[in-house]
Structure formats: C-alpha cells, structure tokens
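Novice: Quick note, the sequences are listed as chains U and S, same order. By my numbering, the letter at position 184 of the first sequence is numbered 173, and the numbering carries on one by one without gaps. By my numbering, the letter at position 133 of the second sequence is numbered 122, and the numbering carries on one by one without gaps.
The hints are simulated quantities; they were obtained by calculation from the structure and are not laboratory data. Warning: the hint list may mix true and false statements.
One copy or two, either will do: identical chains are not told apart, so a pair holds if it fits within one copy or between any two.
Claimed, not checked - Cross-link-like lysine-lysine pairs, in silico, DSBU-like; alpha carbons within 35 Å at most:
hint : residue 1 : residue 2
1    : K101      : K299
2    : K116      : K52
3    : K433      : K104
4    : K69       : K52
5    : K221      : K346
6    : K69       : K433
7    : K85       : K412
8    : K433      : K305
9    : K42       : K52
10   : K40       : K430
11   : K69       : K101
12   : K483      : K1
13   : K160      : K228
Number of protein chains: 2
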Amino acid sequence: MNKQRNHVHQLKLRSLGIDTYRENIIFMRSDCHICLSEGFTALTRLVVHHKNKSIIATLNVVKSNLLLDSEAALSEMAMKQLGVTDGDHISISHLKPIESLSDVRAKMFHHKIDKNAYFQIIHDITKGFYADIEIAAFIAACAGDNLDLEEITWLTEAMIHYGSRIKWNEKLILDKHCVGGLPGNRTTPIIVSIIAAAGLTIPKTSSRAITSPAGSADTIETMTPVNLSIEKIQEVVKKEKGCFTWGGTVKLSPADDILITVEKALDVDSAGQMIASVLSKKVAAGATHVVIEIPVGETAKVRTQAEGLKLQYYFKAVGNAVGLNIEVLITDGSQPVGKGIGPSLEAMDVLAVLRNKKDAPSDLKDKSLMISGALFELSGQMEKGKGILEAKQILESGKAYDKFLRICKAQGGFTEPKYGKFKTEIKSTVVGKVVSIDNRKLAKVAKLAGAPHYPAAGIYFEAPIGTQVEKGQTLFTIYAESEGELNYSLDYLKTSNHIITIE
Amino acid sequence: MNKQRNHVHQLKLRSLGIDTYRENIIFMRSDCHICLSEGFTALTRLVVHHKNKSIIATLNVVKSNLLLDSEAALSEMAMKQLGVTDGDHISISHLKPIESLSDVRAKMFHHKIDKNAYFQIIHDITKGFYADIEIAAFIAACAGDNLDLEEITWLTEAMIHYGSRIKWNEKLILDKHCVGGLPGNRTTPIIVSIIAAAGLTIPKTSSRAITSPAGSADTIETMTPVNLSIEKIQEVVKKEKGCFTWGGTVKLSPADDILITVEKALDVDSAGQMIASVLSKKVAAGATHVVIEIPVGETAKVRTQAEGLKLQYYFKAVGNAVGLNIEVLITDGSQPVGKGIGPSLEAMDVLAVLRNKKDAPSDLKDKSLMISGALFELSGQMEKGKGILEAKQILESGKAYDKFLRICKAQGGFTEPKYGKFKTEIKSTVVGKVVSIDNRKLAKVAKLAGAPHYPAAGIYFEAPIGTQVEKGQTLFTIYAESEGELNYSLDYLKTSNHIITIE
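Start from the sequences, fold in the hints, and give me the full structure.
Specialist: See the structure below:
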C-alpha cells in the first residue's frame, strides 16, 4: 500500500466517552470527506494511524452533529490502544484483506490447516486484526473434534510464541490446573500454600471464569489482590516461593485472553482451544512440572470417562511436545466441591480448610491434598505414595495457612470475604434423600444471581448427594448484591426442574 | 419474568444519530441508576421496551456527559425497529437466557440437532435475539458437511415457516437460480424476458452479492428499480408475467437476510445454508418449477464435479421435500461469463444480448438460452429438446428485449448503465495464449475497485481462455468511482500472481 496515501486523511479526535468494550469502534460523519472519497460503507473495518502506531477499528457512522466536519471519535479502548487523547490528529487507511481468514474458512470447512496458518491466525488475533464475528467463527471452527493432535500442538506453540514468558532462576517450577466445570472446586490457594510451605516454587496464575460462576482468580480476589504485574509476581515468588494471581494482567497469552472473551460470550469451551489455552499459559508462566485435574461427571464440563481419557492423552502429548512434564488426574465430578458457589462463598470454604475448621468441607480438603501429593511426586522430590501424607501434615500443622497469609501479605494484604446483601433460602418441599445434582443448572442459578461479576453473589449449598432431607429443610441459599439479580435467579429456578433430585 | 419489574425503569430517549448498522446498540450512562441497581456490565445484552414493542440491544456505556442522567440513546436501526423518536420513554429489562443457543453449541460440537431446534433457532434469529457473534458461530457450525439431508430440510422448512409467502392465482410459477461464484454470470434478466415473452409466469426475485462483485439484483438495479414491495411485484407480474426484483425488500426470508449479512462479512457460503437459503426463497416467492444452475470450475464456488453432483442431489431431495419441481444443470465454470464484472458492466453485457448486438458475449447468450429451454421443458409446456429452439426464436426476434423494456417500465422505468469515472487498462507484458483464469482473484480485483457497493465499479474483461495476446494488448480494464478504490485494486494486482495465465 502506498504509504503516502495512508496518511493524507487527517481527522481531529474528539473524545465522546463511549465504552464499546473490546472491539474498537471509530465514529465518523457520514458526510465527511474521507467517507465520501474513499467509499467506506456498512461494517467497514479500517486502519487508524497516530504517529507510528496503528489499530484496526470498525466504522460506525454518525448522522448528526455529534461530530463536526473533519472530526472523528474512537471508543475508549481504541483510544487507549492507540495512545491518543482528545484533540490529537489521526489518519485513516483501508484495511488490507487479512490473509489468515482464508485459513479460518478452510478450518470451518474441516480442512487441516498447517503450522504456519495457526501462527498467522494467532499473530493477527493478537494484533487486533480480527473482528469479533471472525473470532467467533474461528472458535466455532475449532470446536468439536475439528483439531487433531498436531493442530492442537501448533495452536499451543503459536500462543506461546506470541505471548510473554516469565523467566525463573530455579529449575523446578510447579503448577497445577483444573479444566473446570465443577462449581466450588477451589483448590488452588490451598495447594499453592502447601507446596510453597514445603519450599518448592509454584508461581500460580489463574484465570477468571469463562462459563462458570467463579474462576480461581475471581475467588482469590475476594481475599487478596490478583492483578499483579510480572515484576510484582517475581517479587512475591522470590519471597514466599508461591503466588496466586490472575494471568490476564501479565498478558502471558494475549491471543488467548481475546479468544476467551468471545468464548465466554458464546458460552463455549472446546477441547483444542482449552488445551492450547492451558498449556500455553503454563509454558508462559515458566512451569516445568504441571498436574492437571479433569473432573468427570454427567453435568461437569467433561461428561464421560472416555472424553476424560482423550483429554488426558492430548494434555500429555501436547504438553510433552512443548517441553512440559505433565500428570493428569481424572477426578469425580458428580457434584459441587465444598459448599460455596461464587467468588466470596468459595473463598469462605478455602479459608475453612486452611484454618482447619471442624465444619470445613472435607471434599475440598481431600482433593487439595491429593493434587498437592501428586505435585510433590511429579517433581521427583518425593516417593510415590508419600506425597499426600506430607501435604496433610503441612496443612493440618497450620503451616499452609501461615504460608497463605504470608503470600496474601506479599500480594497486597488479606481481607475477609463477605456475604451478598440479599439472600433467599431454597427449602425442600419433600422428604427424601438427595440422589443427584445438576451442576450446570446450579451454576446457572449462581450466575444469574450475579456471580462472578458481583463477588459476594452465589450459592451456599447444603445438600450434597446422600443428604437425608426433611420437608422445609434448606437445600441452598442464594446470595446477591442487587434485588434485580436475586429475582432473576429465582425466576430461573421456577422454570427449572431437577436441579437437585430427591427420592 | 415478572412483568411489573420489566417496565419500572424508565429512561428518556435521546437521539445521537449513530448508525451501527444491523446490530442494535443501546447507549447508557455508566452511573445511571439502572446500570447500578441491575448490575449490567460489559457485552451485556438487554431488552428495550416501548409501549407493546421490544427489541434486544447490546449495551455500550457512556462515561461522559453525552447523555444526561435518566437518558439513553439507541442506534439508528434500533430506533426504527422499536418505532421510537427523540424524547420517547423506554424501559429496560434483563434478557432471559436464549435456549436455542444450546442447540447452536451442540451443532458446533457436530451433534445432529432436531427439527424443533432449527425452527427455534430461525425464530430467534428472525426476532433479533442473536448477537452477531452468535450468528457467526451458527454459520461456522453449519459449514463444511455438518448438516445432513434431514437437517438441511428442517433448516429450509424453518426459513419458509418464519418468512412471508407470495400467493399467485396461476398454477405454474417458474423460477431459476444460479449458485454463483462465476463473475459476470448474469442470465436472469435475459431468461425472465424470454419466459415472460412466451406467456409463462416467472416472478423472479434475486439476491444482492454475498461474496461476489455483483448479485443479479445489484446488476439489474443499474437499469431499473429492484426495491419493490410484494404488492408492486404482484402488479408487475400480473401485467407482464415476469419481474426481476430484489428479494430482500419483500422480506421473503428475514432470517436468511440476517444470516447473509454475517456470511458476507465472514466471506463464507456453506452448502447447507445455501440450499436452505435458495429453496426457502423459491417457496416464499410462490414458485412451483425451478431450474438451478451449478457452475463447476477450479476457481468457481463449486470446484469439483463430485461437489456439484452432491449439491444437485441435495437440491433435488430438499426441493421435493418442500414441494418444488427441480431441475439442476451443472455448467462450465472455468472462466467469467460475458465481459463485464461488476453491476453496471454486467448490465451492459445483458443489454448487448437482449439487443442482439454483433459483439454481444455469446457465452452469456448461449447459457441464457439453455436455462430458458430447460425451464420450458421442466414446466411440461414443451417437449424435451424443443425448449432451447423456442428460447432462441424469442430472443432473436426481439420479443425478449421488448418484454424486458416493458418489465422495466412496469418496475419504474429503464436507465442505461454507466461506466465508472476512473479507469486503468491492464495490459499483457508477454506474448502468448490465455490458458487459465483465476475467477476468485479476478472477482477480488473488482470488489476492491468498489463493486458492488459502487455499481459502476468493476472489470471489463477481454481475455477469455484461448485468446491470443500480443505484448501491450489490454487484458482487462478496471473501473472505479473513486481514486482510492482504484488504487486499492491496483495495490492488490501488484502482489497477486496468476490471475490470468498466458503461455
């Protein structure tokens, strides 16, 4: 493209203060000379330049005098990305056809695409070249069993390539991950505290919720800051051997952060994308030994043992290809773990376990010990079978809680999580025994109540499988931070059957 | 949902004159009482009510004093859909989870979904319940060979069910369609003129370009109005037996119109969606007998004979299931038809054929006669083998041109198509014979030059396969309506090889 032509169209920037979230929007007058001479039209995407920076933005046309002639406006995020403020001058050019989109189309049509294609797609997504509908199409094209082992490996390598990478001075860096789908499965802060208390290094970065009522980062954030820079993470880990922070702030895998936003909106999480997302972030975080938990249950994210075994195979194969030592644990995903569902309520469970409270959820404790044990053993620091006993000793002696508080302090301080202002107890209308629980529907109730956006919203769950319930006995309590959200989750409850089956 | 709660949040509407095209946007202050009390957040979609109407819109948050407290703004299309003007009062409520999206997810994961699912998805798309990323995911999920015969039939039936349907007094209603992918293949106005001149009824509605430089409707619009209401179409057809109009104005298949907008942006056109799109529109237009042309060529939309035969099978099977008599012709798609590529330039070819000009493109003429003949025969009005002779007689006698002008007059008048203001001749740098043409790249040049948005933009093509060319001989001429677009297509030419292969 002719460079001269790129920069002749100067427009004065006017801040309108419109937040369109992630997708960049440029607002231009329908009668402006650029629209007329260049022929921009509906759904046009174009390149906006300022000094030596440029971004891609979608055009919205203004048909009023909101903008003067020769003025344009950018959405808030676009201004930030381009580094401009009110009154700056920008120039506009055509967006060249994005070649990697033809690979996305090939993938939509179930063709295998090559390593170079994955690298180019991830490069272009990272650079913000893709519109949201194009990202949605890529996500849908990768869903199902569309990616084979090689393709998942290439996607993972591409995400690693275009992300940052934290360097550590130590050779042994532990990490863990749970594929999710099980409400309340909040083992991370417990495991990190146990491992770090044992003197091993575990710089854990967690994600926020994709489709669940809480991600680990959402839960931990109710107790301590999680938005830490890479420098701050390194400082915390140097001091305490472990941390539990949000991966998003450190831009370990910027393409993945973008993909996850759209996956969340679509409520989709496919195998290939998930493996690439998880493993690229582990490599980026500098991990060498990783334990991955796959809960399997009829209403968990992974529904069958066969699916669990296939994921186990992919995680190990792709993990080895990118240089990781991987152990995969398939666990029981038939019901929620602990009693809380939603950030603050799950944090309360975590604290109960760390504080060795009598009423601490034993399932959460047992699972944390099992994964900690597996980490000890995978690291080669302990014999097979000895890991879990060591983990138990560290937790029950109070050393883990002590380490937890020290890590919180290093991250910026500890605060006690709170309950939501509004609550309703859901009581049993029958007598009987709880025989099954629909995790997905229960998660939906918690989400409709406001979790994870409102951290104190969610569910306190008191009727695990096997519970003998009386008529009028509380099955669970819904917490919300606004009456609107509370009512909304109650509306859903009214129309939804078999969340808890009592016989 | 509690009806009372739906309507308590009143906001005063302020028109900002922002055109966001198809997706509805509502602009609300970040500190407004509804945002705060209901907890709306990024990418939130919500329901906007006015009197007894409602629409779904995506929330953009305003962080400036563009809006006063208790004010909100809607994008232009949203205001139109809701039937509101500046100063009206609107109310806001939560969007209930859209159940049919779980079927879209199932389809993304390659599960077969049932008839009811397709009906619900198409209903929800028609009602505007889907965000663009959700439509993109549905399109991607249906791409490849993901839909089986039954699913394509259900999708077609759903589109028919939620669209309009034109009723005709006659029993025999002819129609034709070309699956496209071949630049310049503009037989429609010629065929309609021949068939109608023979006294048979052919109320043809065409589409605008999806991924090509011109749809039939775009081409015809350079000669006569195509935005006709159903009533007007019926009036034209009653008078002249035929018409050539744009299908979009009559909302024959509103879901399809929405799907096509996103397909166009993604540059995707999959088999299942295409068959459902075409056949639903034929049924909606009241057709009984339809000839479908499938051009097959390496760089046409359909690339192999096998693919052509599969589409032929699907068209016939699904067509019969929805009550249509179908003939499918597989034709040569190795190179452009006629000389023009782009609305006005293609219209000039059409007129040359209708006017029996000596330099009229014979390929366009021959194909038009072949399809007209097939229609005569499919209708049962003529014996096998006699149709094409009858068509030839009607065209060469001038009866077809006479009918063409009468139809144009009935549709609102005839105008002569024009050339674009800016042009560049592309000359051969070698001596030799044209051995192959890349239709896709040639179409791209025409699109970059502005077609179909600027009707007079495009390519006049003078080097069909077999042409003996001299050094400096013009291969094709690019026309554009702005210098920017002309340069843009030239930029692409510079970086693109093998558009025309000369040996």
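Novice: Each hint: holds or not?
Specialist: These are the hints, each one checked on the structure:
no. : hint         : verdict
1   : K101 to K299 : both (20 Å within a copy, 22 Å between copies)
2   : K116 to K52  : both (30 Å within a copy, 26 Å between copies)
3   : K433 to K104 : between (38 Å within a copy, 26 Å between copies)
4   : K69 to K52   : both (25 Å within a copy, 14 Å between copies)
5   : K221 to K346 : within (32 Å within a copy, 79 Å between copies)
6   : K69 to K433  : both (34 Å within a copy, 34 Å between copies)
7   : K85 to K412  : between (53 Å within a copy, 21 Å between copies)
8   : K433 to K305 : within (31 Å within a copy, 44 Å between copies)
9   : K42 to K52   : both (28 Å within a copy, 25 Å between copies)
10  : K40 to K430  : between (51 Å within a copy, 33 Å between copies)
11  : K69 to K101  : neither (37 Å within a copy, 44 Å between copies)
12  : K483 to K1   : between (53 Å within a copy, 33 Å between copies)
13  : K160 to K228 : within (17 Å within a copy, 86 Å between copies)
In the structure shown, a violation is registered for the earlier hint numbered 11 alone.
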